[in-house]
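Chain order of the listed sequences is A and B.
Using the numbering used here, the final residue of the first sequence is 442, and nothing's skipped along the way.
Using the numbering used here, the final residue of the second sequence is 1442, and nothing's skipped along the way.
Hints were generated in silico from the structure; no laboratory data involved.
Be aware that one or more of the hints could be misleading.
[Said to hold, decoys possible] Keeping only pairs whose Cα atoms sit at most 16 Å apart, straight-line, the calculated EDC-like set for lysine to aspartate or glutamate is:
{"#": "1", "chain 1": "B", "residue 1": "K1350", "chain 2": "A", "residue 2": "D241"}
{"#": "2", "chain 1": "A", "residue 1": "K402", "chain 2": "A", "residue 2": "D103"}
{"#": "3", "chain 1": "A", "residue 1": "K350", "chain 2": "B", "residue 2": "E1244"}
{"#": "4", "chain 1": "B", "residue 1": "K1350", "chain 2": "A", "residue 2": "E123"}
{"#": "5", "chain 1": "B", "residue 1": "K1402", "chain 2": "B", "residue 2": "E1069"}
{"#": "6", "chain 1": "A", "residue 1": "K402", "chain 2": "A", "residue 2": "E123"}
{"#": "7", "chain 1": "B", "residue 1": "K1402", "chain 2": "B", "residue 2": "D1103"}
{"#": "8", "chain 1": "B", "residue 1": "K1402", "chain 2": "B", "residue 2": "E1123"}
{"#": "9", "chain 1": "B", "residue 1": "K1350", "chain 2": "A", "residue 2": "E244"}
{"#": "10", "chain 1": "A", "residue 1": "K350", "chain 2": "B", "residue 2": "D1241"}
{"#": "11", "chain 1": "A", "residue 1": "K350", "chain 2": "B", "residue 2": "D1216"}
2 protein chains.
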Amino acid sequence: MNTADLGLPVAVPSTALFTDQYELTMLQAALRSGTADRRSVFEVFTRRLPEGRRYGVVGGTGRVLDAVENFRFDETILGFLRERGILDEPTLEWLADYRFRGDIWGYPEGEVYFPGSPVMRVEGTFAEAVLLETVILSILNHDSAVAAAASRMSVAAGDRPLMEMGARRTHELAAVAASRAAYVGGFHTTSDLAAGFRYNIPTVGTSAHAFTLLHDTERDAFTTQVDTLGSGTTLLVDTFDVTEAVRTAVEVAGPGLGAVRIDSGDLLLIAHRVRQQLDELGARRTRIVVTSDLDEYAIASLAAAPVDAYGVGTQLVTGSGHPTCSMVYKLVARADSEEPGAPLRPVAKKSMGAKTSIGGRKWAARRVDAEGVAEAEVIGTGPVPAELADRQLLVPLVSAGKVVAREPLDAARDRHIAARATLPLSATQLSRGEPVLPTEYV
Amino acid sequence: MNTADLGLPVAVPSTALFTDQYELTMLQAALRSGTADRRSVFEVFTRRLPEGRRYGVVGGTGRVLDAVENFRFDETILGFLRERGILDEPTLEWLADYRFRGDIWGYPEGEVYFPGSPVMRVEGTFAEAVLLETVILSILNHDSAVAAAASRMSVAAGDRPLMEMGARRTHELAAVAASRAAYVGGFHTTSDLAAGFRYNIPTVGTSAHAFTLLHDTERDAFTTQVDTLGSGTTLLVDTFDVTEAVRTAVEVAGPGLGAVRIDSGDLLLIAHRVRQQLDELGARRTRIVVTSDLDEYAIASLAAAPVDAYGVGTQLVTGSGHPTCSMVYKLVARADSEEPGAPLRPVAKKSMGAKTSIGGRKWAARRVDAEGVAEAEVIGTGPVPAELADRQLLVPLVSAGKVVAREPLDAARDRHIAARATLPLSATQLSRGEPVLPTEYV
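Could you put the whole structure together from the sequences, leaning on the hints where they help?
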């Protein structure tokens, strides 16, 4: 097991405790009743997109694979469960040998999804599959929320680079996963060193107001920064007076100054003024970086401003108003007995209201029109219609317990950009609306 | 170093990479300019509470202490920084010896705060203190957001127990910190085994719809669960028909059934019906647990319903609409030279708009009226007025690099409940309003 593969900047021996207690007590009861080995199919899906959103983005698939591979119960964990009296000895013995030996299919990372899309399907015995519920949902709900926000921001930014700078606004390890998801959604770089270390995402940095305030004058601060990091550095120009700072910056660094950063005030107005001033000073190639509570709307509002790059923090790592995706993990089919080869029977909660789901092991395909533009998310439980056979969305991720779908993060990022490009044009409107594709059940 | 002390269920060698790149490049520049050793004071504060909130809750202080203690640059980390060309050799050598040797003061965990409250103050050389910015903010911004939501929910729930069940809705390690923060804010238990393992929070669990669906009949499922976990267990009664399920549950478990859980539908209506049915079946002491997208408002709306406990997930771990706290880490004072004993000079960003801050090393005290009810958050940079001397809020957390304020999590939880009780009554209104205490600067 590769202990570096957990989305952490450090080695972690197991993901098995990232689990709600009831997964384990259900296991114990199922072992007792002789149902634990019934072949079962669980599916991950959402009943709806966040309000107003037109598409979702699958984020975290690669992290799920790492988590499944490292879901093991070592002596420390078993000792904890024993000492707390949570489980009986036969269950603890069963867990000591646990590894997932089933199959996982899913939408590949970066793919878009819609209400009802079976973004992941876990097949195995009830016992082996039920245990993975909590950690799979944690990863997909978090990472997909950030990926979706990142995607909207990347639409708004067009060709301009996006820097992820949200580490300080979220849990220190959620931040690492958020950098990764942002990259999948279209961001280019991150300020988070742990994300650079773990996922090889390019890292960037400018400087803070504290650095200017540390020095006796702004000029001292700029001089030090340029002497140390070169004239290609980014100088922060809004500690005192922006016009004065820009003048000083170009005097100190020369017209080859890499960039200036603006972190407060009316960014639209200030960017125009700073551009004009830089041009007048001969620093025509000095770029303007803006950072200040940006979200996709603020980014879009700066489309016509002379801005060269955006640094985004809070709104990115908190999903721009939707920090989680309401994905659920539901048993949709199971065998009637523990006999190998017993046929699968569709099952579903039947009780009140909005939480009803559709039983049966599902396929999904995206139907396109004659121009290749997506027109529907088609989901079914029977045979796949011939015309959709090569439009299927689920791919094998784990086969007989072995991860079969590792890929570089860039593959997910490229896939996302390609998938988004096949959606109807209204997909990339930032305004609130319905999902851009209807979900059809056949 | 205690590698178990990182808010993780597993050992982690260092927190040093949970850091924005610019902290390190600013360090490098400051080392070059001879300003790195200037004595500096950084303060953590927020400019405002989330919209409509009446008080904030300090969460994560204990985790900050762990993070500071484990902020070290080992060979792996230094190798990464060297290979990426982020830092020069003198800076890497400086980092190899790094440990924080300064002082940290702060509001103790669980204390309430208001706009401008200096919830943490970090004093040391610029170099040693600037590096901690990102990880301190990550922890405080995340944990305080959850603690504040938890506090509001605990007000709404009154004496009824609150169970934290949000692991699946947030990053798997953020979930562990969220359980901890929820406990500080007044929750009683968690479903997250990692939180039980790491923080000794009592863990609980019920069962899922999948468990019922796995069995041939609901009766089979209930029988198995009761046989395995005892009649004190909690049976989930809304997979098919609630009335039928409650009847079956009491038949199977007897009138000593511990609890039933309702996870969908009109909880108010159903709770009344289920209570009546349980009473008629003689199960007068069987409790009713509700779980279904609860937030503080939904909890409050069930105050008159026969509900015995609440399980809360999504809205808790996402801060009930406010997943982060907008805390910032600002240089407020620094020496003019590296000479030991050089006097501190207040500094502050002076540029445009809302991001201006107030320079100077601050004290804070909470003034109370004759009845002991808090009436103002008083913050100053000069001498502390005599009448406020014993009302000061900042306590020593780290002295000369040594953690001096470790405490059991229950101490923070008790402190929160006590602090909240001293606020004016309107603090615990759930409706939107202004901060319940004004912030006064003297």
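Hints that the structure is at odds with (numbers, increasing): 4
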